[in-house]
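Undergrad: So the protein lines, in turn, are chains A and B. One point on numbering: in our numbering, the residue at position 111 of the first sequence is 113, and numbering is uninterrupted. One point on numbering: in our numbering, the residue at position 76 of the second sequence is 99, and numbering is uninterrupted.
It is possible that part of the hints are untrue.
[Unchecked claim] A few chain B residues facing chain A, derived, Cβ under 7 Å:
hint	residue
1	PRO67
2	LEU69
3	GLY116
4	LEU122
5	PHE124
6	GLY125
7	LYS126
[To be verified] One side of the interface only, derived from the structure: several residues of chain B facing chain A at Cβ under 7 Å:
hint	residue
8	SER51
9	TYR55
10	ARG66
[Unchecked claim] Each computed BS3-like pair below joins lysine-lysine, with the alpha-carbon atoms no more than 27 Å apart:
hint	chain 1	residue 1	chain 2	residue 2
11	A	LYS24	B	LYS65
12	B	LYS133	B	LYS94
13	B	LYS80	B	LYS91
14	A	LYS21	A	LYS42
15	B	LYS129	A	LYS43
16	A	LYS21	B	LYS45
17	B	LYS60	A	LYS24
18	A	LYS42	B	LYS60
19	B	LYS60	B	LYS129
20	B	LYS133	A	LYS42
21	B	LYS65	A	LYS21
22	A	LYS42	B	LYS126
23	B	LYS133	A	LYS43
24	A	LYS43	B	LYS94
25	A	LYS42	B	LYS45
26	B	LYS65	A	LYS42
27	B	LYS81	B	LYS133
28	B	LYS91	A	LYS43
29	B	LYS94	A	LYS20
30	B	LYS81	B	LYS129
31	B	LYS126	A	LYS24
32	A	LYS42	B	LYS94
33	A	LYS24	A	LYS43
34	B	LYS65	B	LYS91
35	B	LYS65	A	LYS43
36	A	LYS43	B	LYS126
37	B	LYS60	A	LYS20
Hints in this document: simulated from the structure, not taken from any laboratory. Treat the numbers as computed from the prediction; the structure is a model and nothing was measured. Quick reminder that beta carbons are idealized off the backbone N, C-alpha and C, glycines included.
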Amino acid sequence: ETGVTQTPRHLVMGMTNKKSLKCEQHLGHNAMYWYKQSAKKPLELMFVYNFKEQTENNSVPSRFSPECPNSSHLFLHLHTLQPEDSALYLCASSQADGRSNSPLHFGNGTRLTVT
Amino acid sequence: GENVEQHPSTLSVQEGDSAVIKCTYSDSASNYFPWYKQELGKRPQLIIDIRSNVGEKKDQRIAVTLNKTAKHFSLHITETQPEDSAVYFCAVGGSQGNLIFGKGTKLSVKP
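Only chain B is shown next, with the shape it has when bound in the complex (with noise of 0.2 Å):
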C-alpha cells in the first residue's frame, strides 16, 4: 500500500521566516496531494491541494510544489506569523477517495 513520509517532525523559525515541510510517497498512481493544518485541541482542516496534473499552486502566504517523477510534493509558508503555530500533515489520494496521511509536523513560529 501507500507510504507516506514526512520531514521534519519539528520545525522551529522566526516570525516573518520562510518554512519548508516535504513529504514523499511510494505509489506513482497517486494523484491527489493536500495539506493539512490542526491546531492544538481542534480539527485538521485543508489548507491548500494540489492535482498530479500541475506542479505548483499558491495561495497567499502558501504554496505547494509537486514533482511526480521523484515522488515527492512540499509546503512552503513566507513570512510566518505566529499564528501559523500548528501541525501540518501532508496526504496522498489513495484508490477509494481516502487519505493516507503523514506523521505531521509541527511548527512553532516564534515571535
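Extracted from the complex, chain A is given alone in its bound form (with noise of 0.2 Å):
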C-alpha cells in the first residue's frame, strides 16, 4: 500500500477519446501534484493544488484538464490528446505548510498510451 493509490494502471486511449486518471491520498496531506514522465526527460510538473486550490499550472495544453474535489481526491481530464502526450503520468501529495517543502509520495502511475 503506497498511500497514495492511481487508477488505471494502463490506458490506451484514442486521439478523440475523453478518459480520466483518478489519484486518491490517504495520508491526510493538503497538496497533491500531477508529474509527466517521458522516456528520457525529468519528471514533469503539471499541476498543483494547495488546499484544493490551483497555485501552478505549468504551462500545461487545455487538453489536459485537472480536477480536485477535496484534498484526498485528483482527477486529469484528458480530451483530444496527441501521440506525444504518451508517457507515465505519476500523481503525488505532500504536507505543505506555506513555508518550507516537504517530501513527496507517488503513486504508482498511470501509463497512457495515445494512438
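Starting from two chains that each stand alone, build the complex the way the hints lay out.
TA: Structure follows, in C-alpha cells:
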C-alpha cells in the first residue's frame, strides 16, 4: 500500500477519446500534484493543488484538465490528446505548510498510450 | 525558473564500489534537496533529503552533501549492491512546495 493510489494503471486511448485519471491519497496531506514522466526526460510538473486550490499550472495544454474536489482526490481529465502525450502520469501528495518543502509521496502512475 | 542539471546520465559500477551522482541548480533561494530512487516499473521513492541549513547528511550507506555557495549537491552510495540498481533523481524545492527534478541517473551495479 503506497498511501497514494492511482487508477487505472494502464490506459490506451484514441486521439478523439475523453478519459480521466484518478488519484486518491490516504496520508492526510493537503497538497497534490500531477507529474508527467516521458522517456529520457525529467519528471515534469504539470499541476499543483494546495488546500484544493490550484497554485500552479506549468504551461500545460488545455487538453489536460485537472480537478481537485477535496484534499484527498485529484483527477486529470484528458481530451483530444496527441501521440506525444503518451507517458507515465504520476500523482503525488505532500504536507505543505506554505513555508518549507516536504517530501512527495508518489502513486504508481498511469501508463498512458495515445494511438 | 529553477533549472536542475544532473550528471552522469548513466553510471556503471562494480558491486562494493562507491557511486556518486551530482546535481547543480540555479535558484539560490532554493532550500530543499531530496533524492528519489525509481526501480524499473515502480514509483519514485524518497531515499534521503537535505535542507539548506546543513552541509551533509548520512543514512547508512547513502549520504548527501550540499554546497550552497556553489549551488550543487551530491548523492554518495558506498558499498554498492545489485539492489541499488535503479534510476536516481535529484530534485530542488520550489517556492510553492513543488519539486523540480533532474533528468535522472541510471545506476547499474554489476555483481
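Undergrad: Confirm or reject each hint.
TA: Going down the list of hints, with the structure as the test:
1. PRO67: holds, 5 Å
2. LEU69: holds, 5 Å
3. GLY116: holds, 3 Å
4. LEU122: holds, 6 Å
5. PHE124: Given a least distance of 4 Å, the restraint on PHE124(B) holds.
6. GLY125: This interface hint holds because 6 Å falls under the 7 Å limit.
7. LYS126: holds, 5 Å
8. SER51: violated, 15 Å
9. TYR55: holds, 4 Å
10. ARG66: holds, 4 Å
11. LYS24(A) to LYS65(B): Roughly 18 Å between the alpha carbons, so the hint for LYS24(A) and LYS65(B) holds.
12. LYS133(B) to LYS94(B): violated, 32 Å
13. LYS80(B) to LYS91(B): Distance of about 14 Å is within 27 Å: holds.
14. LYS21(A) to LYS42(A): Measuring from Cα to Cα gives roughly 26 Å; hence the hint holds.
15. LYS129(B) to LYS43(A): With a Cα-Cα distance of about 12 Å, the restraint between LYS129(B) and LYS43(A) holds, given a limit of 27 Å.
16. LYS21(A) to LYS45(B): Violated - the C-alpha atoms of LYS45(B) and LYS21(A) are around 39 Å apart, more than 27 Å.
17. LYS60(B) to LYS24(A): Satisfied, since the Cα-Cα distance of roughly 24 Å is no more than 27 Å.
18. LYS42(A) to LYS60(B): holds, 15 Å
19. LYS60(B) to LYS129(B): Since the Cα atoms of LYS60(B) and LYS129(B) sit roughly 10 Å apart, the hinted pair holds (cutoff 27 Å).
20. LYS133(B) to LYS42(A): holds, 22 Å
21. LYS65(B) to LYS21(A): holds, 23 Å
22. LYS42(A) to LYS126(B): Holds: LYS42(A) and LYS126(B) sit about 7 Å apart, inside 27 Å.
23. LYS133(B) to LYS43(A): holds, 25 Å
24. LYS43(A) to LYS94(B): holds, 22 Å
25. LYS42(A) to LYS45(B): holds, 17 Å
26. LYS65(B) to LYS42(A): holds, 16 Å
27. LYS81(B) to LYS133(B): Holds, because 24 Å separates the two Cα atoms, which is no more than 27 Å.
28. LYS91(B) to LYS43(A): Judged against 27 Å, a Cα distance of about 25 Å means the pair holds.
29. LYS94(B) to LYS20(A): violated, 43 Å
30. LYS81(B) to LYS129(B): holds, 21 Å
31. LYS126(B) to LYS24(A): This hinted pair holds, its Cα atoms lying about 26 Å apart.
32. LYS42(A) to LYS94(B): holds, 24 Å
33. LYS24(A) to LYS43(A): Distance of about 23 Å is within 27 Å: holds.
34. LYS65(B) to LYS91(B): Distance ~31 Å between LYS65(B) and LYS91(B) Cα, so the pair is violated.
35. LYS65(B) to LYS43(A): holds, 17 Å
36. LYS43(A) to LYS126(B): It holds: about 6 Å lies between the C-alpha atoms, which stays within 27 Å.
37. LYS60(B) to LYS20(A): Between LYS60(B) and LYS20(A) the Cα gap is close to 33 Å, so the pair fails against 27 Å, i.e. violated.
Violated hints, listed in ascending order, are 8, 12, 16, 29, 34, 37; each of the other numbered hints is respected by the structure.
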